[in-house]
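K.L.:
Read off the chains here:
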Amino acid sequence: MADTARDAPPEQTDFHELEDGEELFPEPATTQESQPASLAAEDISTNSNGPKQDSLFDDDPEDLFAEATEEVSLDSPERDVLLSDGPSPAITPITPPTSVITPRIGHTHDDMFTHSSFDEIEEEEGGDSFDIHISVSDPEKVGDGMNAYMAYKVTTKTSMSLFKRSEFAVKRRFSDFLGLHSKLASKYLHIGYIVPPAPEKSIVGMTKVKVGKEDQSSNEFVEKRRSALERYLMRTVKHPILLKDPDVLQFLESSELPRAVSTQALSSAGLLRMVNKAADAVNKMTIKMNESDAWFEEKQQHFENLDVQLRKLHTSVESLVCHRKELSVNTAQFAKSAAMLGNSEDHTALSRALSQLAEVEEKIDQLHQDQANADFYLFSELLGDYVRLLTAVKGVFDHRMKTWQKWQDSQMLLQKKREAEAKLQFTNKPDKLQQAKDEIKELEGKVQQGERDFEQISKTIRKEVSRFEKERVKDFKTIIIKYLESLVQTQQQVNKNISYIFHYN
Amino acid sequence: LHCVSVLLTPRAVNVDLQTDAMLQVDISDALSERDKVKFTVHTKSTLPNFKQNEFSVVRQHEEFIWLHDSFVENEEYAGYIIPPAPPRPDFDASREKLQKLGEGEGSMTKEEFTKMKQELEAEYLAIFKKTVAMHEVFLCRVAAHPVLRKDLNFHVFLEYNQDLSVRGKNKKEKLEDFFKNVVKSADGVLVAGVKDVDDFFEHEKTFLLEYHNRVKDASAKSDRMIRSHKNAADDINRIASSLYTLGTQDSTDLCKYEQMLSLDFTRSCLHKIEARIAADEDLKLADLLKYYLRESQAAKDLLYRRSRALVDYENANKALDKARAKNRDVLQAETSQQLCCHKFEKISESAKQELIDFKTRRVAAFRKNLVELAELELKHAKGNLQLLQGCLGILKGNT
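Top to bottom, those sequences are chains X and C.
Start counting the first sequence at 40; every next residue gets the next number (my numbering).
Start counting the second sequence at 7; every next residue gets the next number (my numbering).
Mixed in with the good hints, there may be bad ones.
Said to hold, decoys possible - Below, in silico cross-link-like pairs of lysine to aspartate or glutamate (EDC-like), each with a Cα-Cα straight-line distance of 16 Å or less:
| hint | chain 1 | residue 1 | chain 2 | residue 2 |
| --- | --- | --- | --- | --- |
| 1 | X | Lys433 | X | Glu490 |
| 2 | C | Lys50 | C | Glu68 |
| 3 | C | Lys186 | C | Asp270 |
| 4 | X | Lys535 | C | Glu381 |
| 5 | C | Lys227 | C | Glu125 |
| 6 | C | Lys358 | C | Asp205 |
| 7 | C | Lys103 | C | Glu129 |
| 8 | C | Lys103 | C | Glu125 |
| 9 | C | Lys106 | C | Glu127 |
| 10 | C | Lys180 | C | Asp75 |
| 11 | C | Lys402 | X | Asp514 |
| 12 | C | Lys227 | X | Asp424 |
| 13 | C | Lys365 | X | Asp385 |
| 14 | C | Lys186 | C | Asp98 |
| 15 | C | Lys328 | C | Glu340 |
| 16 | C | Lys103 | C | Glu118 |
| 17 | X | Lys375 | C | Asp270 |
| 18 | C | Lys352 | C | Glu81 |
| 19 | C | Lys402 | X | Glu524 |
| 20 | C | Lys374 | C | Glu320 |
| 21 | X | Lys516 | C | Asp270 |
| 22 | X | Lys375 | C | Asp229 |
| 23 | X | Lys364 | C | Glu127 |
| 24 | C | Lys236 | X | Glu365 |
| 25 | C | Lys236 | C | Asp75 |
| 26 | C | Lys262 | X | Glu524 |
| 27 | X | Lys196 | X | Glu206 |
| 28 | X | Lys351 | C | Asp75 |
Hints were generated in silico from the structure; no laboratory data involved.
Predicted model only: the values in this text are computed from it and were never measured.
Using the sequences and the accompanying hints, generate a full structural model.
P.N.:
Now the structure itself:
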């Protein structure tokens, strides 16, 4: 039973568990975050026939965010309240947005985000052009010892009416980002949206920083993380639905943010999540879905292949980066050695030539270093991002399977109840019969809901996948061009140095 | 073959019209069999003692070593820098790679396999060329030396068209060698401590010691640098393969692009650049440094022999004084002393000339190679820039 009216704006911003007698939260899901202990309670959803530990399938295997099941309730009146202060869900004519994003100074690698466009979104909720740019900067160590943390400045520049101001900044720490992802994942993953994964935790990396080790490797770590956080935010806001999520808006705008404690690796909530995840993995293997749509099967296979290849490519690129760094060290060492050799030689012309060789080699060494860095940040990071993104993509497909399973389970239960009711017809137990009839009525609704959910998630996934592929193509092409351009630059500088030495002789 | 001409700069030699007949040696051909290399040594000469004016023989590496060792052991040549022996041909690594490739043939595409085979074959060929050059340089150095060129063993080596039956050293002989070296280095330390009255030699000793160590260091570091380049080149190849596979499996939008990336960008552009630099450095730097490492060692050996002779001479003087004091075996002591004196002076005289020539050769070789290296780098730098810009154009046009 297709509910066409409801289908109009398929992108919902918030959903709530609709349980009998339960209080409907007027607020977005933030409050759930601050009660880690109560997650256990929320896991119990009596009207779910799926596996009890039906936690969300998470994108990042290391990401310990398993939230309680939230059923899609599209009849919630609160929905309208919770829709952001954007325009109403009615379809309004869309003007194709022009990308008006100024490239950021000094961060050439972020230009990959300037080419996005919104033309693929058919049902647009507003006429705002996509004009938002987020930068993560100024990492600052706050506190001392093991309780210390890095605070990052998150600056947003935008002309969209979604926001109260056109330029604003807030301070956030890493766990805030994780908390944001956690909320978004809990709201959107299970209905088919590919929620970009947050950067990975790194106990080793952070410990070094906390302990106060101010060396090159910890600086590199901070820079790597800063860059990753920036890419994460930009990816998130590029998603037309996620951009409008109140949690995202709050993250970007509000000066104070409640601490996301349940993101800690070793909290009780964290452990609970791990258990849920394990159970989940087992259950996933037992679902045998009758795939009626070849598109999904094909796409799933495609993403499996892509995953394998991207991981291989990522490994090779990381290896190249490592060897280039080695090369730069070895070149520098050779340069010094050649200079020493030149000093030994008491024939002045030769000694001069050798010293110049040493000089040039040293300059080339510096260029190699820069090139190694360029390689790293551009290509390797992008590949890493996509390897993680693919996990989210695969997760979304898994959710579809689970949705299907739930629907099937409801159907089977309905069948059973109907049979039971039929039997009861012949007994003289009017109350029991009435109860059975009530249950059947409820189950019928459930079955319909299940079918709608399944169709909905299938539809959403199709759109998401299309969007994902478009983005992937764009990102890769842009990165490669950027990389080549930096290589050209490097080569030009090398050439300059070489002709300089040549002139001397 | 570059190395050859580099290391043989003409030097001021007393032209002896009688003996300075033409003697030209080269390696005209070489054959690589499973575990040995056969060099065809070709000689052109007007020297009277050869039966013909032009002839060739086939020699293996062991025979070159035999010749070198015979020079070292010859007391007559104590006052010369003995041209360093060529290193053993080493194709093990290359053969192993080719074998591995053969085993893994099934697991890669035909195109990939062909490409990799070509690369490995080129590598094999490069190593082969190098070993031929090293062996040739040795022979040419000997042929250019006014005294060594007359050596009988050398002539036998060049002319005798049968196998010289120079078997490799057995265990006992290798052990003997080992002990000899131990004694020599211990001795060398003692001898090195003896301060030389002669300023020239004292200076040379200090210089050579330092120079040898620094060349050793530079050679090792240049090898490491080239190794890193080769590693990077290998990585680039792997990236190219991954991209190609992606290109065959991916959705249509990226398919062609990825294949293009694999071929035009990674293989033809990135890999070429990396391989070029590695080859340039290898050709002009690595071999040069390695050679002068060996030759500076040979020069050190010469100084050692001279010091040894000096010590012997001084000991003989002391013995003579003692004999005269005791008035016993005076004649014997006098003869011995005269012999030592003669030996020492002979060595000193030729050693001086040898060391001066060594310097001339060395300076010329380094200058030539450095200039050629710079020229190559400049040429390739321009080429690389063009490659990159071309590639950029292709990719941008495709976006």
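K.L.:
Each hint: holds or not?
P.N.:
Results for each hint:
no., hint, verdict
1, X:Lys433 <-> X:Glu490, "violated (21 Å)"
2, C:Lys50 <-> C:Glu68, "violated (23 Å)"
3, C:Lys186 <-> C:Asp270, "violated (58 Å)"
4, X:Lys535 <-> C:Glu381, "holds (13 Å)"
5, C:Lys227 <-> C:Glu125, "violated (25 Å)"
6, C:Lys358 <-> C:Asp205, "holds (11 Å)"
7, C:Lys103 <-> C:Glu129, "holds (10 Å)"
8, C:Lys103 <-> C:Glu125, "holds (11 Å)"
9, C:Lys106 <-> C:Glu127, "holds (13 Å)"
10, C:Lys180 <-> C:Asp75, "holds (13 Å)"
11, C:Lys402 <-> X:Asp514, "holds (14 Å)"
12, C:Lys227 <-> X:Asp424, "violated (37 Å)"
13, C:Lys365 <-> X:Asp385, "holds (10 Å)"
14, C:Lys186 <-> C:Asp98, "violated (30 Å)"
15, C:Lys328 <-> C:Glu340, "holds (11 Å)"
16, C:Lys103 <-> C:Glu118, "holds (15 Å)"
17, X:Lys375 <-> C:Asp270, "violated (36 Å)"
18, C:Lys352 <-> C:Glu81, "holds (11 Å)"
19, C:Lys402 <-> X:Glu524, "holds (11 Å)"
20, C:Lys374 <-> C:Glu320, "violated (43 Å)"
21, X:Lys516 <-> C:Asp270, "holds (14 Å)"
22, X:Lys375 <-> C:Asp229, "holds (14 Å)"
23, X:Lys364 <-> C:Glu127, "violated (28 Å)"
24, C:Lys236 <-> X:Glu365, "holds (12 Å)"
25, C:Lys236 <-> C:Asp75, "violated (35 Å)"
26, C:Lys262 <-> X:Glu524, "violated (21 Å)"
27, X:Lys196 <-> X:Glu206, "holds (4 Å)"
28, X:Lys351 <-> C:Asp75, "violated (52 Å)"
Comparing the model with each numbered hint stated earlier shows that hints 1, 2, 3, 5, 12, 14, 17, 20, 23, 25, 26 and 28 do not hold.
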